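Here's the letter readout for the chains.
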Amino acid sequence: MARYIIRRLLLMIPVLICVSFVVFFLMDLAPGDIVSQMAPADATPEQIEMLREEMGLNGSVLQRYGRYLWNLLHGDMGTSLSLKRPVMEVFIERLPATLKLAFASIVIALLISIPLGIAAATHHRTWLDGSSVVLSMISVSMPAFWLGLLLIFAFSYKIKLFPSGGSGSFKYLILPALTLGTEQAGNLTRITRSSMLDVIRQDYLRTARAKGVSEKQVIRKHALKNALIPIITVLGSTLGNAFGGAVAIETVFAWPGIGRLTVAAINSRDMTLATGCIIMFTLMLNLTLLIVDIAYAYVDPRVKARYSK
Amino acid sequence: MARKKKKAEVSGQKQYKKRSIAAEVWRNYKKNPSAMIALVLVVIIVFVAIFAQFFYDFKKDIVKQHIKEKFQKPSAEHWFGTDNYGRDVFTRVIYGTKYSLSVGVVAVAISCIVGVTLGLIAGYYGGFIEDLILRFCEVFTGIPSILMGVALMTAFGQSIGVLMLAIGLVYAPMYCRTTRAAVLPVRDQEYIEAARVAGVGDLGIMFNHVLPNALSPIIVQVTMGVASAILCASGLSFLGLGVPIPMPEWGAMLSEGREFMRDYMYLTIFPGLAIMITVLSFNLMGDGLRDALDPKLKQ
Numbered sequence: 001m002a003r004y005i006i007r008r009l010l011l012m013i014p015v016l017i018c019v020s021f022v023v024f025f026l027m028d029l030a031p032g033d034i035v036s037q038m039a040p041a042d043a044t045p046e047q048i049e050m051l052r053e054e055m056g057l058n059g060s061v062l063q064r065y066g067r068y069l070w071n072l073l074h075g076d077m078g079t080s081l082s083l084k085r086p087v088m089e090v091f092i093e094r095l096p097a098t099l100k101l102a103f104a105s106i107v108i109a110l111l112i113s114i115p116l117g118i119a120a121a122t123h124h125r126t127w128l129d130g131s132s133v134v135l136s137m138i139s140v141s142m143p144a145f146w147l148g149l150l151l152i153f154a155f156s157y158k159i160k161l162f163p164s165g166g167s168g169s170f171k172y173l174i175l176p177a178l179t180l181g182t183e184q185a186g187n188l189t190r191i192t193r194s195s196m197l198d199v200i201r202q203d204y205l206r207t208a209r210a211k212g213v214s215e216k217q218v219i220r221k222h223a224l225k226n227a228l229i230p231i232i233t234v235l236g237s238t239l240g241n242a243f244g245g246a247v248a249i250e251t252v253f254a255w256p257g258i259g260r261l262t263v264a265a266i267n268s269r270d271m272t273l274a275t276g277c278i279i280m281f282t283l284m285l286n287l288t289l290l291i292v293d294i295a296y297a298y299v300d301p302r303v304k305a306r307y308s309k
Numbered sequence: 310m311a312r313k314k315k316k317a318e319v320s321g322q323k324q325y326k327k328r329s330i331a332a333e334v335w336r337n338y339k340k341n342p343s344a345m346i347a348l349v350l351v352v353i354i355v356f357v358a359i360f361a362q363f364f365y366d367f368k369k370d371i372v373k374q375h376i377k378e379k380f381q382k383p384s385a386e387h388w389f390g391t392d393n394y395g396r397d398v399f400t401r402v403i404y405g406t407k408y409s410l411s412v413g414v415v416a417v418a419i420s421c422i423v424g425v426t427l428g429l430i431a432g433y434y435g436g437f438i439e440d441l442i443l444r445f446c447e448v449f450t451g452i453p454s455i456l457m458g459v460a461l462m463t464a465f466g467q468s469i470g471v472l473m474l475a476i477g478l479v480y481a482p483m484y485c486r487t488t489r490a491a492v493l494p495v496r497d498q499e500y501i502e503a504a505r506v507a508g509v510g511d512l513g514i515m516f517n518h519v520l521p522n523a524l525s526p527i528i529v530q531v532t533m534g535v536a537s538a539i540l541c542a543s544g545l546s547f548l549g550l551g552v553p554i555p556m557p558e559w560g561a562m563l564s565e566g567r568e569f570m571r572d573y574m575y576l577t578i579f580p581g582l583a584i585m586i587t588v589l590s591f592n593l594m595g596d597g598l599r600d601a602l603d604p605k606l607k608q
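If you're matching them up, the sequences are chains A and B in order. Using our numbering, you'd call the opening residue of the first sequence number 1 and step up by one each time. Using our numbering, you'd call the opening residue of the second sequence number 310 and step up by one each time.
So that you can see chain A by itself, here it is in the shape it has in the complex (with noise of 0.2 Å):
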């Protein structure tokens, strides 16, 4: 096991290292730059020159590439250009607000999605099975910074129950989290659902009935725990997006997550802090997965016997 997770961090390297490269690149692409934006307006072409030899962009793109590439691998992550300070230390700065909101969503997307995916297996075929198709499908097709805006009219307009935008004390989550919540949930009803469904059917279920276990004991302890891993699976990616995919949600409640601060360096040409953020949320979302992977191990024991050979 220890040996697979080194393997895994260690394969993490090249792929971060091409996240880096595609992502500087795209950035040098981008017309615009940001010595020409910071520069005072009536600056000398020497002046702005002298500037972007202070800023450490002179030279090619390939030569400035090598220079971030070096002190990357040295832990260096660069001094945002738009900021004026550390990228580690803007991006510490803003992901409290991430992780919060990415786990507040997960936990109301598994309340949610949980006991709905279970109730419509095991009534499957009837209205509630339909319904919770239909509700899981819509909530996929929806998009879901819409879901915030409509939330928002409705709760901060309308009922002045919830704050529209910002981020403080708990009430400020709400929204924001029910809107992510809401869009997570639909993915993990439908697998929730067709996972149970297709444990529902075994014989060890059939045994365990007979054996005279209770029905509630059957779902969940026999059935659940089998359905368990496509769950995991989804949840595992579900979280890892939530961590930089839901810029459009961090946009419409003014959450100052990481996702909205790497879209406002993209849009200001701020190409350390923009490089920087993509690869530290790419780092994140791999780790993620490695521990759904490890946590196959813990829910499956034929899955742990695979790794201890």
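These are computed hints drawn from the structure, not numbers from a lab. Computed from a prediction, not measured in an experiment: that's the story for all the values here. From the three backbone atoms N, C-alpha and C, an ideal C-beta is built for every residue, glycine too. Please note that a few of the clues may not be correct.
[As the list claims (entries may be wrong)] Where chain A lies over chain B, by a calculated footprint (3+ residues, C-beta under 8 Å):
id, region
1, 402 to 409
2, 487 to 494
3, 533 to 545
4, 576 to 589
Given chain A, put chain B in place with the hints provided.
Chain B alone, transformed into the frame defined by chain A:
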């Protein structure tokens, strides 16, 4: 004479079987009421996307401002009301179908060309090439699609063509993986070996023998891919990076309407509903197709 008759029988049987693949999928598909509703909706949406431009004049009906008529609530005259420039929202939503749909379809075509080819190569050759392609996909799936879309749109400039290309590239790795997974069980079949023995080249085998037999998951992915492409495009437009204004793209309309949300909520409701119905139709159609293509999977 007798031999001739037997031959006719055999070919007749063959013909019957040949026809029945598509027919059986259709027969299965027809049984699913929600999939049929979705199909009807998709046909209507495609029809609207193609023909709306002949009923409305872009300059006169879509972008021309009538400041005097601004912010009119939905009524018999303006079904979805009018926006902050007095433009009729219903007309703009209908006209906008073509942008969302064409972005979805072209983006999926791009994803398909790139992803299916790479997936086919990876699955067919295996080994080092497969590893290389899969690692490459990993790099792109590691970055969330919306951030990758933002980076691509910023790099290549904001236009509808770039939007199609960006979304197409962002989703290509998904098609690559699906294709590879579908190719793997086909690769070692005897008929592939037979084709090779018969002297068919690698390219011929890949496109004429492997691909047709690995097609059903790709078809499902394509249908649902149109749905996710439309969602992603609306997200990018909402962030101000999609179709440039004043084109009536749904995501952009949503983003414009958001400013006046407190008093004129209908400006955001209708474009959002349009997105939702379109995406829902394609998703339901994909679901129906999946069940119809593989009845074993049907729960």
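Given coverage of the region 487 to 494 of chain B by chain A, tested with a Cβ cutoff of 8 Å and a minimum of 3 residues: Violated: only 0 residues of the region 487 to 494 of chain B have a Cβ under 8 Å from chain A.
Report holds or violated for chain A covering the region 533 to 545 of chain B, Cβ cut-off 8 Å, minimum 3 residues. holds (count 4)
Tell me if chain A covers the region 576 to 589 of chain B under the three-residue, 8 Å CB rule, please? Our answer is that it holds, as 7 residues pass the Cβ test (under 8 Å) against chain A, meeting three.
For the region 402 to 409 of chain B, count the residues whose Cβ lies under 8 Å from any Cβ of chain A; is that count three or more? Since 0 is below three, the answer is violated.
Of the numbered hints stated above, those contradicted by the structure are hints 1 and 2, listed in ascending order.
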